[in-house]
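Peer 1: Going down the list, the protein sequences come from chains D and C. In this text, residue positions in the first sequence follow UniProt numbering: the first is 1, and each later residue adds one. In this text, residue positions in the second sequence follow UniProt numbering: the first is 1, and each later residue adds one.
Source of the hints: derived by calculation from the structure; they are not laboratory data. Be careful, since some hints might not be right.
To be verified - For lysine-lysine, the following BS3-like pairs were computed, each having C-alpha atoms within a straight-line distance of at most 30 angstroms: (1) 307(D) to 210(D); (2) 181(C) to 325(C); (3) 307(D) to 29(D); (4) 131(D) to 48(C); (5) 210(D) to 191(D); (6) 162(D) to 48(C).
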Amino acid sequence: MDRDQALAFLHDMLLGRRFEERCAEEYMKGNIAGFLHLYPGEEAVAVGVIHACETSDYIVSTYREHVHALVRGVPAGEVMAELFGKRCGCSRGMGGSMHLFDPQRRFMGGYAIVGETYPVAIGLGYGIAMKDLPEAVICFFGDGAVNQGTFHESLNMAALWKLPVLFVCENNQYAIGTEIHRHSAVPEVYKRAAAYRIPAERVDGMDVLKVYRATEHALQQIRAGSGPQLLECLTYRFRGHSMADPGHYRPPVEVKAHQQTDPLELALRELSLVYPTPEQIAAGPDALLKLRQYCFDQGHLHEEGFKELEQQVQDEVEAAVQFALESPQPTLDDAWQALYCNRGDEILI
Amino acid sequence: MAEEVLIWQALNRALDEVMAADEDVFILGEDVGLYGGSYRVTEGLYAKYGEWRVRDTPISEDSFTGLGVGAALMGLRPVVEIMTINFALLALDAIINMAAKVPFMAGGRLPMGLTIRTPGGVAKQLAAQHSQRLEHTLMNVPGLRIVVPATPQDAYWQLKQAVLSDEPVIVLEHELLYFHKGPLDPAIPPPPPHRAVVRRPGRDLTLIAYSKMAVLAGQAAERLAAQGIEAEVIDLRSLSPIDWQTCADSVARTHRVLIVEEDCRFAGAGAEIAAGLTERCFTRLEAAPMRLAGLDMPTPYNGTLEAQTIPQVDDIVAAAHRLVKEGS
Chain D
1 MDRDQALAFL HDMLLGRRFE ERCAEEYMKG NIAGFLHLYP GEEAVAVGVI
51 HACETSDYIV STYREHVHAL VRGVPAGEVM AELFGKRCGC SRGMGGSMHL
101 FDPQRRFMGG YAIVGETYPV AIGLGYGIAM KDLPEAVICF FGDGAVNQGT
151 FHESLNMAAL WKLPVLFVCE NNQYAIGTEI HRHSAVPEVY KRAAAYRIPA
201 ERVDGMDVLK VYRATEHALQ QIRAGSGPQL LECLTYRFRG HSMADPGHYR
251 PPVEVKAHQQ TDPLELALRE LSLVYPTPEQ IAAGPDALLK LRQYCFDQGH
301 LHEEGFKELE QQVQDEVEAA VQFALESPQP TLDDAWQALY CNRGDEILI
Chain C
1 MAEEVLIWQA LNRALDEVMA ADEDVFILGE DVGLYGGSYR VTEGLYAKYG
51 EWRVRDTPIS EDSFTGLGVG AALMGLRPVV EIMTINFALL ALDAIINMAA
101 KVPFMAGGRL PMGLTIRTPG GVAKQLAAQH SQRLEHTLMN VPGLRIVVPA
151 TPQDAYWQLK QAVLSDEPVI VLEHELLYFH KGPLDPAIPP PPPHRAVVRR
201 PGRDLTLIAY SKMAVLAGQA AERLAAQGIE AEVIDLRSLS PIDWQTCADS
251 VARTHRVLIV EEDCRFAGAG AEIAAGLTER CFTRLEAAPM RLAGLDMPTP
301 YNGTLEAQTI PQVDDIVAAA HRLVKEGS
């Protein structure tokens, strides 16, 4: 990986981390309402996967999708404004945190019913295949979504018709508060793909380079016409399921285990400025710190450069909050227009 | 020039024409391809357009309907056939949570040119799980359009309009009307898909019905005429939106309204129509709007009992007599 790419990854991971922590602050202030599912800990998945895509590929995501949207290039201000419910939000204030859309960037939405991303993704994949286009579809889902019927229905159809879909499992090991061994008879998600003869791989979802390379490889196969692939990224969220969830179900022994397996990150904490917080490091191996270390080791970045990057990201997030604060509220008329956006000029009697 | 065709043939012709004209149109559903459709509606299209545009799916209603949603998001025009509306219950997430919501949740920035065709209604002794009418469930969902054709001409027009629309449209077809014959003239320009039509003018009361009940209402009106009662028959053609103006204009002339529906009475389509007309024409009414509807009961298998659970022509005639006597 060259310097520019490494720094772009680091920038996006830092942006994802800082953006989400700022969201938590704005939620506490009351500027963001509703359900708010934050991403810290899982950044390597969004960054690794989406950086391996072409801009013409489609992304279908879940309700924990702010960082997917940011990495895809949806302006941070438009994402934040959407969380604020404002008119300048990427969904015009009609969608909120769980429903970010940006058709121009082929970001085809966040879906808040678990298991909905599969059928949407195979629909896009079907259209691509029917028209014989070179594009692919990324279908994000969590480990909690693999027990929905749509997982099996859609994987079957994707395999049957060789649809260009990369199914990406963000396995953070919890379906809200239910640990994967308590919700899945086969907790290795990638093994389930074998039921549909879909090639599948499990990668360390805390390592952005591994995620990136696995995605790149899978997309090469998909574009060569071999049909769908599945990538399981093992990851861990530092926070609870949502802002309403303190995450008490995760036993301290698990958190301690993560601490013990991650001495390097703990050492790096001494050097760390703002990101991540000690609590986050305590929660497990941090992909962000791994990448930072990689950039240091490769000579792409030094401590001063890292500080500058942090400052740049900080400024971006502050600008996004400012943009959201200044954006006007949508009106009821805007809502009616959104509902009937496809009705055209037809006059109803 | 009009020719006499069956409703399934009119639907088939509509699909053939839109598929020939627009490569973005494709069909998917159970047995729509090689088999030709369980009611022959897609007959011949697989051979003509190939498997990518006429796709036989596995029995996975939620995901293949959702596939239609995903394809519609990229501007395509999928026509999803759900073999019967009873199976659409498995696809309600795709219909209600996705098709009806996504363009709105995206702030009005995505198309949803999805058409869902689904046969339904009480057919012939198919029992409780294959005899449902679920229009009330779908009518309560903002963002969906629902058309209910009762003639070959309307089936042809409304299916074509549905496929060419960027909105999600549900085409509720009646299983007992597929072999119903009537004139079809493709050259006549269609009215808006939601426009109701006065099938028969009258002065003594208004019969409002849709789908198969519109046909029965017409037959009842003939009988009533022979008995000296002139019933105006309105075929709604659309359940969402509803053409209130045509209904209200009729009630202003007749002052009495009888709503006939095959669906269950409680919280059904008729309840909405009765309430809507009461609000709009209260002072014009000489009697409370009357509803004739299916019984609030799962459909029994027994043929005699089955017939007793839904309105028949005799029932409509009798109810019309009662209504005309009221308040006069």
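Peer 1: The structure should be examined with respect to each hint, and the outcome stated for every one.
Peer 2: Consistency of the hints with the structure:
{"no.": "1", "hint": "307(D) to 210(D)", "result": "holds, 25 angstroms"}
{"no.": "2", "hint": "181(C) to 325(C)", "result": "violated, 35 angstroms"}
{"no.": "3", "hint": "307(D) to 29(D)", "result": "holds, 27 angstroms"}
{"no.": "4", "hint": "131(D) to 48(C)", "result": "holds, 17 angstroms"}
{"no.": "5", "hint": "210(D) to 191(D)", "result": "holds, 19 angstroms"}
{"no.": "6", "hint": "162(D) to 48(C)", "result": "holds, 22 angstroms"}
Violated hint: 2 only; the structure is consistent with all others.
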